[in-house]
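This is what each chain is made of:
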Amino acid sequence: MVDLRVKIGSIELQNPVLLASGVWDFPYTKMIDFKRLGGVVCKGFSLFPKEGNPPPRITETPCGVINSIGLENKGLENFETEILPEAKKLGTPIIVNIFGESIEEFKEIASKINGVAGIEVNISCPNVNRGGESFGGDPKTVFSITKAVCEETELPVIVKLTPNAANIEETAEAAREGGATAVTASNTFSGLVIDIDRKEPLFKRVTGGLSGPAIKPLALYNVYKIKNAVDIPIIGSGGIADYRDVLEYLIAGAAAVQLGSIIFNNPLAPIEILDNLKYWLKENGCKNLKDISKK
Amino acid sequence: MDPTFRILPVLENKKLGPYYKITFEDKQICKYAECGNFVMMGLQALDPYLPRPFSFMEVNEGSFSILVKVKGKGTEILSKVRKGDQIKVLGPLGKTFCPPEEGVLIAGGIGIAPVYYQAGWMKGGILFYGAKREKDLILIREFGKKGFKVRTITEENGGLVTDIVKKYAHELNGKQIFICGAIEMTRRIKSILSEEQIDKAYAYIEKRMGCGLSGCKSCAVNTLEGYKLVCKEGPVFPLKEVELG
Numbered sequence: 001m002v003d004l005r006v007k008i009g010s011i012e013l014q015n016p017v018l019l020a021s022g023v024w025d026f027p028y029t030k031m032i033d034f035k036r037l038g039g040v041v042c043k044g045f046s047l048f049p050k051e052g053n054p055p056p057r058i059t060e061t062p063c064g065v066i067n068s069i070g071l072e073n074k075g076l077e078n079f080e081t082e083i084l085p086e087a088k089k090l091g092t093p094i095i096v097n098i099f100g101e102s103i104e105e106f107k108e109i110a111s112k113i114n115g116v117a118g119i120e121v122n123i124s125c126p127n128v129n130r131g132g133e134s135f136g137g138d139p140k141t142v143f144s145i146t147k148a149v150c151e152e153t154e155l156p157v158i159v160k161l162t163p164n165a166a167n168i169e170e171t172a173e174a175a176r177e178g179g180a181t182a183v184t185a186s187n188t189f190s191g192l193v194i195d196i197d198r199k200e201p202l203f204k205r206v207t208g209g210l211s212g213p214a215i216k217p218l219a220l221y222n223v224y225k226i227k228n229a230v231d232i233p234i235i236g237s238g239g240i241a242d243y244r245d246v247l248e249y250l251i252a253g254a255a256a257v258q259l260g261s262i263i264f265n266n267p268l269a270p271i272e273i274l275d276n277l278k279y280w281l282k283e284n285g286c287k288n289l290k291d292i293s294k295k
Numbered sequence: 296m297d298p299t300f301r302i303l304p305v306l307e308n309k310k311l312g313p314y315y316k317i318t319f320e321d322k323q324i325c326k327y328a329e330c331g332n333f334v335m336m337g338l339q340a341l342d343p344y345l346p347r348p349f350s351f352m353e354v355n356e357g358s359f360s361i362l363v364k365v366k367g368k369g370t371e372i373l374s375k376v377r378k379g380d381q382i383k384v385l386g387p388l389g390k391t392f393c394p395p396e397e398g399v400l401i402a403g404g405i406g407i408a409p410v411y412y413q414a415g416w417m418k419g420g421i422l423f424y425g426a427k428r429e430k431d432l433i434l435i436r437e438f439g440k441k442g443f444k445v446r447t448i449t450e451e452n453g454g455l456v457t458d459i460v461k462k463y464a465h466e467l468n469g470k471q472i473f474i475c476g477a478i479e480m481t482r483r484i485k486s487i488l489s490e491e492q493i494d495k496a497y498a499y500i501e502k503r504m505g506c507g508l509s510g511c512k513s514c515a516v517n518t519l520e521g522y523k524l525v526c527k528e529g530p531v532f533p534l535k536e537v538e539l540g
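As given, the protein sequences belong to chains A and B, one line each in that order. Read in this note's numbering, the first sequence has 117 at position 117, and its numbers run on one by one without any break. Add 295 to a position in the second sequence, counting from 1, and you land on the number used in this note's numbering.
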């Protein structure tokens, strides 16, 4: 029997495969047996509702997808009354992704979140004017927000890093110093798509966030860099499409992984990945996840 | 019915006017498909990465068809599938509705596909149908058999569908109207209907989609009540509610 359990700080997961924020909604329960997942990260929410960006919000690139959603969400109150009670029925650890446009907003949200496995601090969305990536690119701000959130909550705090920072080791270190339990590496890469008919950027906000297999080597490299520079558990995220990608992330130094846009391509991917991961471990004589890295 | 995700073999790929009618065999999807439903179609690859939404064009007892117009990389590959090729199919998706026994359908180009499916749920009415060229007009005889009076127009031979809608606006009075076509066409029809004070009209809205399951929040359409997701609250919306800017 292969033991897939993993511990990230005080968060205990039955396996290292989580669903990332911003890709799933409750209709996915018809496709995926959530009880089998390591956990899920809920769609990011802010203190007040955000209507999101004007369409178009998505387009495809080779082996990838670029989005400009803009954190559409119904705010903290709706999250507490509508989403969280439903999420708790999923039978898997819940990590809530929170977004603030100021340190005060982050603090207020963090102080009100209870009864979940952890908080993921979104300081890395590339598709909003305030907060998001503008916070996550600056190590000092990363430190201040992480510290402020950690002071407001007893829950484990995971900081979701932007790959668009000048130096991701520095922002990871800032999160660690601020008290983060772990970091998620990483959010989407800023990118541009031009509408050749209109002869201008496709998205109204010019850039979007690129995800999918196209970015996997880049995101994987970020995990590797952080692992070698900062003493903090890493949740790897970016372009995972099958179990081999999960293995690459784990070998590069991730403690767990998040699956994102692959569920658009194949809603059954999380369970297929888990089954194949388990099979590979068994075939390769691994009793647990630590054995993967043994040479 | 809950949507299912399956890998289905192509039963047939047949050229129909400038389009490709692709048929799949699947009893379950056929059993539960209703007016307003659509499916996401994906290829067995990571590139193209995203599935594409298609309304049903036809649903029979054990098979269903979609209509593909080549617009980009994904639809080009889809247009070339052959019998037996495996396609990822997620559906049925979307909010269903109960069409009236009689009503008016207005279609432009490939917008004919979902209204053709809708016509199968109705006893008759009028179809206003426009296309670029005469040879692009499809399914006209079939609409006749379904009890529809058909009025057509083409850009190469007379003008736009909006021209015939305007000309025969008196035929629209008191009827429920369903529109499927390009955004510009739908916008013009909205203004004609508004002039005629006809408000029982609905539009099929097309948006780029990521997942079809409201996970990605990509397919937002602006409405009087703010953004709504086409995959969840559409694809058919009351015309007066949607902003077609």
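Quick caveat, the hints were computed from the structure, so don't treat them as lab data. For every residue, glycine included, the Cβ atom is placed at its ideal position computed from N, Cα and C. A few of these clues could be false.
Claimed, not checked - Rough simulated footprint, nothing fancy, chain A against chain B, three-plus residues with beta-carbon under 8 Å:
{"#": "1", "stretch": "341–351"}
{"#": "2", "stretch": "509–518"}
As the list claims (entries may be wrong) - 20 Å max Cα-Cα, derived EDC-like pairs, lysine to aspartate or glutamate:
{"#": "3", "chain 1": "B", "residue 1": "523", "chain 2": "A", "residue 2": "195"}
{"#": "4", "chain 1": "B", "residue 1": "366", "chain 2": "A", "residue 2": "51"}
{"#": "5", "chain 1": "A", "residue 1": "50", "chain 2": "B", "residue 2": "528"}
{"#": "6", "chain 1": "B", "residue 1": "523", "chain 2": "A", "residue 2": "51"}
{"#": "7", "chain 1": "A", "residue 1": "50", "chain 2": "B", "residue 2": "520"}
Does residue 51 of chain A lie within 20 Å of residue 366 of chain B when you go C-alpha to C-alpha?
-> violated, 30 Å
With a cut-off of 20 Å on the C-alpha distance, tell me whether residue 50 of chain A and residue 520 of chain B pass.
-> Status holds; Cα separation ~14 Å.
Please work out if residue 523 of chain B and residue 51 of chain A have their alpha carbons no farther apart than 20 Å.
-> holds, 10 Å
Closer than 8 Å, Cβ to Cβ, for at least three residues: run that test on the stretch 509–518 of chain B against chain A and report holds or violated.
-> Coverage by chain A holds for the stretch 509–518 of chain B (9 residues, Cβ < 8 Å).
Hinted pair residue 50 of chain A and residue 528 of chain B, Cα distance within 20 Å | holds, 19 Å
Assess, step by step, whether the Cα of residue 523 of chain B is no farther than 20 Å from the Cα of residue 195 of chain A, and give holds or violated.
-> Outside the cut-off at roughly 24 Å; violated.
Coverage of the stretch 341–351 of chain B by chain A, judged on three or more residues with CB within 8 Å = With 6 residues in contact (Cβ-Cβ under 8 Å with chain A), the coverage given for the stretch 341–351 of chain B holds.
The structure fails hints 3 and 4 (numbered hints given earlier, in ascending order).
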